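Student: Using the hints provided, position chain U relative to the given structure of chain C.
Chains as they are written, first to last, in our numbering: chain C, 1 to 102; chain U, 103 to 592.
FYI, nobody ran anything at the bench for these hints, they're computed from the structure.
Okay, the calculated beta carbon distance ranges per label pair:
id : chain 1 : residue 1 : chain 2 : residue 2 : range
1  : C       : 69        : U       : 378       : 34 to 42 Å
2  : U       : 149       : C       : 72        : 31 to 39 Å
3  : C       : 54        : U       : 168       : 23 to 31 Å
4  : U       : 580       : C       : 80        : 47 to 55 Å
5  : U       : 160       : C       : 26        : 47 to 55 Å
6  : C       : 69        : U       : 542       : 46 to 54 Å
7  : U       : 591       : C       : 9         : 47 to 55 Å
Computed from the model, here is a short list of chain U residues facing chain C with C-beta under 7 Å:
id : residue
8  : 237
9  : 251
10 : 261
11 : 271
12 : 272
For clarity, every value in this text was computed on a predicted model and none was experimentally measured. Backbone N, C-alpha and C fix where the C-beta goes; we use that ideal spot for every residue, glycine too.
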Amino acid sequence: MIPVEFYLVLSTLLFFIGVFGFVTRRNLVAMLISVELILNSVDLNFAVFNRLLFPGQLEGMFFTLFSIGVAAAETAVALAIIINVYRNYRSDQVNSIENMKF
Amino acid sequence: MMNIDYSQFLNMIPEVTLMAALMIVFITDLFTAKKPGEARNRNWFNPLVCVLMLAHIFINIWPTEASTAFGGMYMTNGSVGVIKTILAFSVLIVFVQSREWLQREDTNFKEGEFYELVLATLLGMNMMVSANHFLLFFLGLEMASVPMACLVAFDKYRHNSAEAGAKFILTATFSSGVMLYGISFLYAATGTLYFDDVMANISATPLCILGMVFFFSGLGFKISLVPFHFWTADTYQGAPTTVTGYLSVTSKGAAAFALCAILMKVFAPIVEYWQIMLMVVIVLSITIGNLFAIHQKDLKRFMAFSSISQAGYIMLAVVGNSAMSVTALSYYVLIYVVANLAVFSIIAAVEENNGGVVNMNAYNGFYKTNPRLAFLLTLALFSLGGIPPFAGMFSKFFVFMAAANGAQVTTAIGATIYAVVFIALVNTVISLYYYLLIVKAMFISDNENPLPTFKSSYSTKMALAICTLGVVAFGVCSIVYNWIHAASVM
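For reference, chain C alone in the conformation it holds in the complex:
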């Protein structure tokens, strides 16, 4: 069986790729994709911990299921808002939506 550390390396990499993408990407859809990577790393974590550390129960699996569902709902709302931004600004680049600044 693949040891738990291998999965952890994968999920940690996914998480930080997501964080890096969220901070550096200048496109709203790309930022959303980065956030999805973060959520996927979390799902992976829960499933792996449940399967390999606590095989007798299902709590982690259930959390994963719910988390996938909620992530889908969030993405739906975020995409709707991004489309609305695009209609207003004719662009989805972060640089072009800067009406409000410090």
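Tutor: Using the frame of chain C, we list chain U on its own:
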């Protein structure tokens, strides 16, 4: 196949009545909604929603005894009941004040949506504060923040609103991702997600501490504490004013209460780790919020930075980690609700009647043309700043008391707590300075053509009356504090 014991729903009356109100509003809206441009009068809709909210508050005003439901996932007790009532009260004020805004041509046809979304977020917040399991907590949090993004982007055709909505939903999703990552570590360390079991199994291992830090950062985004506050100013400025008011008091109060409960309950065994972290974050929030607020010219942006610093004060109650903390926090949230919503009612009224003016310079000479509104705004700002006869002073006092409660100056941690309280005290003076900048603009600064005199609508007047009554009376009437205290120790 296990059967569900449906009588368990009787343990969660606040959610049931709220759900009933939501369904009534939804169905009524479904059958009476009008299309854009259609001339149909729906004046009764806002009063109906307000009456439903009032009924919800009165049914649940007497805090219930501590009980659990659904295998211990759902938990309620006196202090949870009180914070639910406070949140519902703030939503009632928001509904009353939103009427004028929702009578406008471009918002009137989606009046029902506004109420439904607000009620849905309130239901989510109720779930969040009574959660006793990380799954239910996460679902409540998401239920509170996803419809909130729709509310922020409610003015579909205004650029700022769309921009604010995008910033809000992206940071909200990002922060829940970070929070979930923390929860997954806690799960790995303890093998359970029930609050009680996590507490029993938690220890100061690096994994637990890492999980706690990630969890804290995720919630810090929601409360807009300082290292995680970057979305706040833009979102508050861009959102419709009524929504900004709602966002700044209700969602912040609920998240702060939930964080307080979880820190004091789940993370009790590693208190020395989160206490230090919390103190650093509080000092940063209060100071940076204040310093940025001084330079703002846009009133909504100004209130955003003021709310960042107020969030620091709210969390200050938790530092003490005693029985007083929950009471002080709930009381602070209640006073903050009335004072902040009074300010936002006036900003909204001015904005509605003067073609969207939110600039601070426009308020120069406001006293000459609208003396009563200027006076009420002054009262609310005094309360936010903490000037003695008003409620804000008492709430700050109780928060400081709760923070310093039981701290020994001779120990390192106690001395640090006293230092933090002292810094917060000094910051009160700074905050007084910038709150008084608005008062100065209204009363002293000259203006060739101040904002014209206008007559605000009855609903705005009513919202202002409730808020001002709260600002003046909640402090001097000790019954309010006693009610919260009695419920909390129950």
